[in-house]
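A.B. asks: Sequence:
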Amino acid sequence: LPLKFMYFIPLIMFMSMMNWLSVTPYIFSPSFQSMLIFSIAFPLWLATEINRSMNNFSLRISNMLPPFTPMYLIPLMIPVEIVSLIIRPFTLTLRLTINVTASSLMTTLIT
Numbered sequence: 001l002p003l004k005f006m007y008f009i010p011l012i013m014f015m016s017m018m019n020w021l022s023v024t025p026y027i028f029s030p031s032f033q034s035m036l037i038f039s040i041a042f043p044l045w046l047a048t049e050i051n052r053s054m055n056n057f058s059l060r061i062s063n064m065l066p067p068f069t070p071m072y073l074i075p076l077m078i079p080v081e082i083v084s085l086i087i088r089p090f091t092l093t094l095r096l097t098i099n100v101t102a103s104s105l106m107t108t109l110i111t
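With UniProt numbering applied, the sequence shown covers 1 to 111.
Hints in this document: simulated from the structure, not taken from any laboratory.
Warning: the hint list may mix true and false statements.
Simulated restraints on C-beta separations [unchecked claim]:
id	residue 1	residue 2	range
1	P75	W20	44 to 50 Å
2	T107	P66	17 to 23 Å
3	P66	L96	25 to 31 Å
4	L73	W20	43 to 49 Å
5	T111	M64	33 to 39 Å
6	R52	I74	20 to 26 Å
7	P66	I9	36 to 42 Å
Glycine included, each C-beta is placed from N, C-alpha and C at the ideal position.
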């Protein structure tokens, strides 16, 4: 494994332990804490976005405009795509937190 991927192994181990704890009944999982999830996900998302933008900035900007977009929608589409790109980590954190909470509630109700 290259050295740059060695930083992900502790993170993957931590995430897998949190997921195993969330399936155990009557044990409070750390993945309930949305700020913990966000504090892990946001720097990874930001590093990925910066890396993508530095490698292919023109391709990154051109991907914000879907093909065959009418000319009158072009000034609206790029800000909409930028907003959707910015709120993505928040929405994914919220989705993961809701799913973990729902699965824990279902596990508690069934047992």
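A.B. asks: If a hint holds in the structure, say so; if it does not, say that too.
C.D. replies: Going down the list of hints, with the structure as the test:
| no. | hint | in the structure |
| --- | --- | --- |
| 1 | P75 to W20: 44 to 50 Å | 48 Å, holds |
| 2 | T107 to P66: 17 to 23 Å | 41 Å, violated |
| 3 | P66 to L96: 25 to 31 Å | 27 Å, holds |
| 4 | L73 to W20: 43 to 49 Å | 46 Å, holds |
| 5 | T111 to M64: 33 to 39 Å | 47 Å, violated |
| 6 | R52 to I74: 20 to 26 Å | 22 Å, holds |
| 7 | P66 to I9: 36 to 42 Å | 37 Å, holds |
In this structure, the earlier hints numbered 2, 5 are contradicted, and the remaining ones agree with it.
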